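Below are the chains, spelled out letter by letter.
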Amino acid sequence: MKIFRSRSLSVGAAILMVFALVAAACGGDDGFEGVTLKFAKAPHGEDEADNMAQWLASFQEETGITVEHTIVPWDELEATYTANFAGNDVYDVTYQTSTHLTLFGELGAFSDVTSRFNGDDYSTDRSHFPDSIVNASVYKDNLYGVPFIIGTIAMYANLDLMAEAGITEIPATGEELVAAAKAIQNPPDVWGFYTPTTVADFGWYFNLQNVHNFGGDIVSDDFESATIDSGPVRNATQYAVDLICTHEVQPRLGQYDREGAIELFKAGKLAFLLDEPSRVAVFEEEGLPFDWDIAQPVGNNGNISQFSTTGHWSIAAKSENQDAAWELVKFLSSADFSQTYNERYAFVPARDDVDSTGGNEKLARNFEWAMTTWDGLVTHPKINGLLDEYVKALEAATTCDTPVAEALAEAQARAEDLLARG
Amino acid sequence: MTAGSAAPERDLTTDGAATERDMTASDDGQADSFELDRAAFEAAGRRRRTSDRVRRIGAYATLSLFVVISVGPALYLISPAFRDSVSLFAYPPEWIPRRPTLENYRFLFRNTEYIRWGVNTAVYATGVTLVSLVTNSLAAYAFARLRFPGRKVLFFLILSTLMIPVAAVLAPTYLTVRTIGGWPLIGDWIDLDTYGGLILPSAVSPLGVFMMKQFIETLPGGLYEAAKLDGASEWRIFRKIVLPLLKPALVVLGIFVFMITWASYLWPLVAATGDDYRVLTVGIQSLNGQFVTNWGVMGAAALLTIVPVTIVFLFFQKWFVQASMAGALKQ
Amino acid sequence: MEGSVAAGAAEEWAELTLSPRQYRQRARRYRARTSRRAIGFLAPYTAIWAVFLAFPVGWGVWLSFNTGGILGTRQFVGFENWTRAWGDTEIRTAVRNTAVYMVIAIAVVFGLAIFLASLLNKHRRGSNFFKLALYFPLLAPPILGAMMWFFMVHFDFGVLNLILRQFGGAGINYLGENPNALLTIVAVEVWRGLGFWVLFYLAGIQAVPEELLAAGRIDGAKAWRRFARITVPTLRPLLLFALVVAIIFNAQLFDSVQVLTEGGPALGTATVVWFIFKRMFAFQDTGLAFATSVGLLLVILAATLLSFWALAKRQAREA
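Chains as they are written, first to last, in this note's numbering: chain A, 78 to 499; chain B, 236 to 566; chain C, 20 to 338.
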């Protein structure tokens, strides 16, 4: 308030601002009446279509904008978005993760929202987005979407199975996890551990935190060179392979996919499971017949980090209603919506003024981990391709047929080719 | 004598049911027919009848096994379709739903656009079928009955695209439809996310032209010549004389095109990106994914989709079989 | 009376005896007239064919020398896509998988189909029922068929493993190991195609003259020799054509891969079309996808021409 010379001036300014806001709001009303926006998102739950209809009702009422919501399945997302963004009638607003944000963005699919995001009329909201999160979403000074959530990973533990085996503490290191899983498991009735390692189940998402904990990454910070075939990545990948092939605490590849493992855990036949915290609400709602808890995924040598991607709201460059789309993005990025959404799907909001844990103690802890050890994916047009090369190597190695070194060497060569291309 | 000659004769009438052991028996019968005493022959006959029966049982058992394999997977769907997903993991397995539920169907109709997908599929497949029938029979008539320069070259060009897979031309076809979609007027009808854009690129297969041409060429030429001498126009001849005779071929082609179209996945996936024009194959596959995998619902959707086709199939079985052969044997 | 007829004939004759110039003129006019009529009949199909098939084929060839073009701007890069496609390790895997898949699937489905067709030919009672039942899998779109098989081969609740476990087995990992995954895909595709090929070969076998078989029987030829010496040679022209058609269909394997394995494990079921699909959309590596598409196109075109040749040969033999 130093910029105002007297108190009366600041009061006057405040009154003016209120007027301006009201005027802007009214103007918005008139300006967007009758506009229809197409909105598409890959789902975080099978009830998402219903929920969205409910949550978007107030927005539609207030602005007069009609929102048509389409669910785009994860498996068909790339083909659908490519076809849509290249077409003549695009989705105005879409949900995009770090992997696709700049892939599509740099090909001209999205509007750069930098100026709107940093604009004066958004400054209050803007101040609530931590720079660390925003910076990971910026590529060459372009921001192709407003950060919405960061999806973290939690380790779900079946406390009853642990108690039966005389284990009192949820494992915190790799060695402890192997020991505990071995003590508990009794395959095929009870398995020790599960984390997805396949291309189809986004295996990289669940294993990169381990790569980071071992002190490495799949690409150099400047995206100049691939580092897939490096010591830390080899060690981290070997750890994942050993769980399946050597220690045999995790079911063989293909026996259970990600959703299958969820069912396995729900049935009380799995001790430890890596998945997104979004299952907390689902498990609590269904009332699992045993005691369970979540913990941070195990670390290495005291390193424990929270890997994640960021989800964004993007505006299509071809959208004919850029301003209306921005209104929708503002609504979807608001603290209120973020709270509503994450109370249901339990992601960590990308803004710091939202408590979406709803008093849930487990989620509060998850929130805390994200705030203290977050180590998110930096967006890049080639990151999806690099992750694909890594996860193909991971999948090959976890079939137990291909040695880790061989799989990573092939991925390294392909990743170098990818980076060398213009 | 009579007994001896009976063996080979019988062989001729059993319509291919003869077996290796039959052959040895009839060899004996032929070579030693005069010396063969009645008891020995009767023994051979009994042996053959038993071995016939064994072979027949074996054959029908084999055929039945393959019937089970063919129909089994679809029949089994009844089980998961009326159970919740959790019970799939029950041990011992629950073959027959203990507590049958309609929950999967409730979900399908309430939480997905299943009905819309079904309507879209019907419009899509019917549209492609109608367009194909009309355009293919007209073109086939021209190729079969009219003489014009470049006829052979054009026909060969068209025919050489007979087997072009959708996947190989997916992107350029997409770009073509997108380009047309950007044009005034016509773009309102033929664009991505329109029925026109969905239907026309699926109605390009020359198979129908080829099939109908072959068929028209087998029609008696006399009628055609007579009509021509009467001064009837080609259009009139086509409509009044050729078309009525084409009916069976049109039914076969129609079923064939319909079956191919409603089963297609790749083109509808990229040509329709929203629920407004999404078809069943794309819609049902979308039930099989991250965060939404619900095997009960998948089973329910698959079962519900296959039932109406099966009913239609049972009514028009003869046509179906002919239609499937049309692609290969007619050639 | 007679005179008038003769006069009429003479007039017609006069009209028919044209000078070479007149003849060419009339012929041209006649051709123009029939061509005009033909255009009306040809236009609807040819227009759709030219715009939505022939033109895209040409455009596809042109695109294979470019990058971009779907999203992003198109850029001419000469033969770069082709050299990249040639050297790409993943596409080699995809081509190998597709080839292995085709060889096994076609061998199995043809073997079974000829076997079942000869059974159906011998045992005619109830054969209509068997034909219909075998045909049934063709009713379901490939996506649905693969989904049905998902309930068969799932490691935990798949019917096949449930049955195995009833007999004390541990269960087979159908989709998570190599080469199991590819063999499972083969099984699904054989299941789907079997009915078609049974009917196809049944029609072929029934075309084998009965007298030939009967003569063989009188000669005392054993059943399998009759089959090898009489039935198979009669089927041979059919076989070549069937083989080409089967190659063309199977080269496009995609739907069941998309539902069951998504190319895994370790690219064990990554097929050519799967590769094109992934490169085109997931990684926006359109150049590589275009080049691979055209490569597939050329192979299919060659196979199509081969099938025409096989057909022509068959027709020549029949005539």
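Simulated from the structure, these hints should not be mistaken for laboratory data.
All values derive from a computational prediction rather than experimental measurement.
Incorrect hints may appear among the rest.
The list that follows gives simulated cross-link-like pairs (lysine to any residue, SDA-like), each with its CA atoms no further than 20 angstroms apart [said to hold, decoys possible]:
id	chain 1	residue 1	chain 2	residue 2
1	B	Lys475	C	Gly59
2	A	Lys407	A	Gly196
3	C	Lys150	B	Thr545
Derived coverage of chain C by chain A (criterion: at least 3 residues anywhere in the stretch with Cβ under 8 angstroms from a Cβ of chain A; other residues may be distant) [as the list claims (entries may be wrong)]:
id	stretch
4	84-91
5	143-150
6	191-200
All residues carry an ideal CB built from backbone N, CA and C; glycine is no exception.
Outcome of the hint check:
For the hint linking Lys475(B) to Gly59(C), the alpha-carbon distance of about 17 angstroms falls within 20 angstroms, and the restraint holds. Our distance criterion of 20 angstroms between C-alpha atoms is met by Lys407(A) and Gly196(A), whose separation comes to about 12 angstroms. A hinted pair counts as satisfied when its Cα atoms are at most 20 angstroms apart, and Lys150(C) with Thr545(B) qualifies at roughly 14 angstroms. Under the rule that three or more residues need a Cβ within less than 8 angstroms of chain A, the assignment of the stretch 84-91 of chain C holds, with 4 such residues.
Judged by the Cβ-Cβ criterion of 8 angstroms, the stretch 143-150 of chain C is not covered by chain A as claimed, because only 0 of its residues qualify and three are needed. With a cut-off of 8 angstroms between beta carbons, the stretch 191-200 of chain C has 7 residues touching chain A; three or more are needed, and the interface restraint holds.
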